[in-house]
Amino acid sequence: MKYVDEFREPELISKAGEEIRRLADRTRHYRIMEVCGGHTHAIYRFGLKDLLPSNVELIHGPGCPVCVLPMGRIDDGLSVTANPDSIFAAFGDMMRVPGTHGSPLEYKARGMDVRIVYSPSDALKLARMNPEKQVMFFAIGFETTAPSTALTILRAKLEGIRNFSVFCNHVTIIPAIRAILDSPDMRLDGFVGPGHVSTVIGCRPYEWIAQDERKPVVVSGFEPLDILQSIVMLLRQLRRGEAKVENQYKRVVPWDGNRAALRAMAEVFELRPYFEWRGLGFISQSALKIRPAYAEWDAEQRFAVPGVRVTDPKAAQCGEVLKGVLKPSQCKLFGRECTPETPIGALMVSSEGSCAAHYNYQHHKPVTIANAVAL
Amino acid sequence: MCLAIPGRIVALGADSHNQAVVEVVGVRRKVDLGLLQEESIQPGDWVLIHVGFAMSKISESEAADQMRTLAILGESEAAIQEIRGYGLEDEKYSSNERGAGS
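Sequence order for the protein chains is A and B. Heads up: the first sequence begins at 1 in our numbering, then just goes up one per residue. Heads up: the second sequence begins at 1001 in our numbering, then just goes up one per residue.
Keep in mind that the hints were calculated from the coordinates and are not lab data. Predicted, not measured: the structure shown is a model, and the values here were computed from it. Heads up, the beta-carbon is just placed ideally off N, CA and C, and yes, glycines get one too. Hints are supplied without guarantee of correctness; some may be wrong.
[Said to hold, decoys possible] Quick list of in silico lysine-lysine cross-link-like pairs, DSSO-like style, CA-CA up to 30 Å:
{"no.": "1", "chain 1": "A", "residue 1": "Lys-108", "chain 2": "A", "residue 2": "Lys-133"}
{"no.": "2", "chain 1": "A", "residue 1": "Lys-108", "chain 2": "A", "residue 2": "Lys-157"}
{"no.": "3", "chain 1": "A", "residue 1": "Lys-327", "chain 2": "B", "residue 2": "Lys-1057"}
{"no.": "4", "chain 1": "A", "residue 1": "Lys-332", "chain 2": "A", "residue 2": "Lys-49"}
{"no.": "5", "chain 1": "B", "residue 1": "Lys-1057", "chain 2": "A", "residue 2": "Lys-289"}
{"no.": "6", "chain 1": "A", "residue 1": "Lys-250", "chain 2": "B", "residue 2": "Lys-1057"}
{"no.": "7", "chain 1": "A", "residue 1": "Lys-49", "chain 2": "A", "residue 2": "Lys-323"}
{"no.": "8", "chain 1": "A", "residue 1": "Lys-323", "chain 2": "A", "residue 2": "Lys-289"}
{"no.": "9", "chain 1": "A", "residue 1": "Lys-314", "chain 2": "A", "residue 2": "Lys-332"}
{"no.": "10", "chain 1": "A", "residue 1": "Lys-244", "chain 2": "B", "residue 2": "Lys-1057"}
{"no.": "11", "chain 1": "A", "residue 1": "Lys-327", "chain 2": "A", "residue 2": "Lys-49"}
{"no.": "12", "chain 1": "A", "residue 1": "Lys-332", "chain 2": "A", "residue 2": "Lys-289"}
[Stated by the list, open to error] Now the in silico label distances, taken between C-beta atoms and shown as ranges:
{"no.": "13", "chain 1": "B", "residue 1": "Ser-1040", "chain 2": "A", "residue 2": "Lys-332", "range": "49 to 59 Å"}
{"no.": "14", "chain 1": "A", "residue 1": "Glu-320", "chain 2": "B", "residue 2": "Asp-1015", "range": "30 to 40 Å"}
{"no.": "15", "chain 1": "B", "residue 1": "Asp-1015", "chain 2": "A", "residue 2": "Arg-291", "range": "36 to 46 Å"}
{"no.": "16", "chain 1": "B", "residue 1": "Gly-1044", "chain 2": "A", "residue 2": "Gly-335", "range": "44 to 54 Å"}
{"no.": "17", "chain 1": "A", "residue 1": "Lys-244", "chain 2": "B", "residue 2": "Pro-1043", "range": "46 to 56 Å"}
{"no.": "18", "chain 1": "B", "residue 1": "Pro-1043", "chain 2": "A", "residue 2": "Arg-204", "range": "44 to 54 Å"}
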């Protein structure tokens, strides 16, 4: 099998665009949030905004784990590198994220032992290979990634590997959606639900959004056609006055999620009473911590972590952008002080952050569907 | 961050640690099957891989769909880089080699 470079059924994309224009009531303004950073990236990459009528607005949500991590947590994690026997291991996405005294990559340049791993199990492998060192895995991610960290901790316990620990920054998506819905300056009509998070948690955890908040949710795939179809499904519900959870990404997302993954998470993690999200502030029960039974592998128990709190730079308006109150280009620093090369806010660091996506695709649109499809 | 990479199981690990060798466009690496304990996984099956762990069993046509998704999102390179990175690049499995423990 080879990678192929073509859009799935361009005529269907064109039809979906027509259907969206037909369904959208011209007297209404629709605000639809895509929760997942992967969707944000795809929406910008394909210029999907250009296919939507002006009264259907996409708001970019909090689903980029790098972007919502407060700087204090990066400082706390990096504080471990002061120990000369330590190895700091993290995914590549974390390497350029600025802490107060530099990014992990800058720490590495200053001689600290900082390693990129592509899997938490490789961080554990580093610990096996370096028994004289303390290997700390800086874990980030939503429910997509948390089960893999959980299994890695279970494996460390099974094998009795004691020079391995996890600095746990795993967050959960549902409390963030609740915080956004509770925010007084926010008005949303529906959600494009995250794709890969939902392979783990399934679709049921979104039911309260439909039932209690009367907002439709459509769990979506990542192709342009998937996202447009999801918007069609949302508009159809809104037109009928319905609010339910639908699954557009059935080819990958089971309605009940992945039970083995949920079990591993429940075994290793418990909810933190509260956790700080960049831009959204403290959200109760929104993040995972390692259970006392696994304290030996919890970096926050093993090391004296200072518990740093850093307020975001005042001039940067990451919070407003993250909540969709401001568009990225409306931030005072956007494209001037804050660029992908010199990021000030985390939304500019990750390609899944709305600011980086906006910056990268505003000047050159390499593959906009509007160009690829005759409308 | 949220890449989900389709791969074909070419060999199951001999031990009980839920390891398997997968192949993604000719690159073979070990992945963990611990999140698919409730599925019956055999060589030849397709799975979606995230950070070194198989997350769901999919059909061959779904795997092809996912390949295309990565390609049109411009993430094929990142996906291959991630697969190559598994195992800290100290264990190489060429496509001609038989997988471990088969």
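Tested hints:
1. A:Lys-108 with A:Lys-133: Given that 30 Å is the threshold and the Cα spacing comes to 16 Å, the pair holds.
2. A:Lys-108 with A:Lys-157: holds, 29 Å
3. A:Lys-327 with B:Lys-1057: Measuring from Cα to Cα gives roughly 38 Å; hence the hint is violated.
4. A:Lys-332 with A:Lys-49: holds, 23 Å
5. B:Lys-1057 with A:Lys-289: With Cα atoms ~28 Å apart, Lys-1057 of chain B and Lys-289 of chain A stay inside 30 Å; holds.
6. A:Lys-250 with B:Lys-1057: Cα-Cα ~13 Å, so holds.
7. A:Lys-49 with A:Lys-323: Distance ~18 Å between Lys-49 of chain A and Lys-323 of chain A Cα, so the pair holds.
8. A:Lys-323 with A:Lys-289: Roughly 25 Å between the alpha carbons, so the hint for Lys-323 of chain A and Lys-289 of chain A holds.
9. A:Lys-314 with A:Lys-332: holds, 10 Å
10. A:Lys-244 with B:Lys-1057: Within the cut-off at roughly 27 Å; holds.
11. A:Lys-327 with A:Lys-49: This hinted pair holds, its Cα atoms lying about 13 Å apart.
12. A:Lys-332 with A:Lys-289: At roughly 35 Å apart (the allowed maximum being 30 Å), Lys-289 of chain A and Lys-332 of chain A break the hint.
13. B:Ser-1040 with A:Lys-332: 49 to 59 Å: With a Cβ separation near 56 Å, Ser-1040 of chain B and Lys-332 of chain A satisfy 49 to 59 Å, so the hint holds.
14. A:Glu-320 with B:Asp-1015: 30 to 40 Å: violated, 52 Å
15. B:Asp-1015 with A:Arg-291: 36 to 46 Å: Hint violated: Cβ distance 27 Å, outside 36 to 46 Å.
16. B:Gly-1044 with A:Gly-335: 44 to 54 Å: holds, 50 Å
17. A:Lys-244 with B:Pro-1043: 46 to 56 Å: Roughly 40 Å apart at Cβ, these two residues miss the hinted range, so it is violated.
18. B:Pro-1043 with A:Arg-204: 44 to 54 Å: Cβ of Pro-1043 of chain B to Cβ of Arg-204 of chain A: about 33 Å, so the range 44 to 54 Å is violated.
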